[in-house]
Amino acid sequence: MSKNTAAIETSQVFFTYPDGHAVLKSVTCSIKPGEKVALIGPNGAGKSTFMSLLNGVSLPTHGQVHIDGTLVEKESLVNIRRKVGIVFQDPDDQLFCPTVYDDVAFGPLNLGLAHEEVDKRVKESLALVGLEGFDERSSYHLSFGERKRLALATVLSYRPEILVFDEPSTNMDPLNRRKLINWLKESDKTILLCTHDLDIALEVCDRCILLTDGEIVADDTASKILHNRQLLEENNLELPLALMTHELLNDILKNKDDLDEDHRFIIGNFLHAHRHAHGADGEIHFHVHSHDDHSPTHTHHDHDHHEAGSHQHKEAEK
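Anchor point for the sequence shown: position 157 equals 157 in our numbering, and the numbering is continuous, going up by one each time.
FYI, nobody ran anything at the bench for these hints, they're computed from the structure. Since this is a predicted model, take the numbers as computed values, not measurements. A hint or two may mislead.
Pairs of lysine-lysine, BS3-like flavour, derived with a Cα cap of 25 Å [as the list claims (entries may be wrong)]:
{"hint": "1", "residue 1": "K189", "residue 2": "K224"}
{"hint": "2", "residue 1": "K185", "residue 2": "K3"}
{"hint": "3", "residue 1": "K185", "residue 2": "K123"}
{"hint": "4", "residue 1": "K179", "residue 2": "K123"}
{"hint": "5", "residue 1": "K189", "residue 2": "K123"}
{"hint": "6", "residue 1": "K32", "residue 2": "K224"}
{"hint": "7", "residue 1": "K3", "residue 2": "K32"}
{"hint": "8", "residue 1": "K32", "residue 2": "K74"}
{"hint": "9", "residue 1": "K189", "residue 2": "K32"}
{"hint": "10", "residue 1": "K189", "residue 2": "K3"}
{"hint": "11", "residue 1": "K224", "residue 2": "K185"}
Model the full structure from these sequences, guided by the hints.
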């Protein structure tokens, strides 16, 4: 994939069902190679339809979709589907073979690869998702989280350059969710997450595209969009849980004189760690270095001025 060519590019894309219902309306966006982007929005926003256009499951009613410079059309679908891997919300939609090995080998075999290469790809893909040694197990005897990771392995085995996830964290237990998040953060592939899980979007993605009623209403850094309570609420979304917790603790600390020293220490350290993890700009900035210092210093600034807060935070770290 060329670094000078967009991995995904849509231009004035419309999609309308035969009954006249318009699902996507003039959707134009561009995603760079290696970028991690969250596509967010309320139910019925058009996220699943957008996702289906990226490997030609559906074709636009009007407008164009390009993958690595190639127009998505009937004549290019074989090439496009080698470049774009889609991991569905329900892993059972992708698992249908007797064993884990067979499920992961299915794609490479259909590419006409030699058995030695297929075997190599199966082992590499299972290792990438932490399922080494699962080769001969039945896919249907795995936990839901393991099946989610297996579904990802089936896509990785034909080595797509772009990965598209439909609600990747749905119904996952905390341990498997964390394993998935870590994998996504470490991956160097172009990744698009279609998700309602704004916490995973905040942690994994550099950028967010907010889709409502088939139109892009915001396209900016994940931090700016996911910190914008008004924007999210206007589009039937809530702040990520991590940021709601951050706000709540800031509110508590406005009355910090009512707290004992240990509680101030614990909450101050949480906020300090949270800013390092998420870049959150709370109204009060705490800098706690040891349990011996129970009186964190703080500064006040406007919550909406993210860039000023980021600069202040960087200065504090020097």
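Need the list of violated hint numbers for this structure, in ascending order. none
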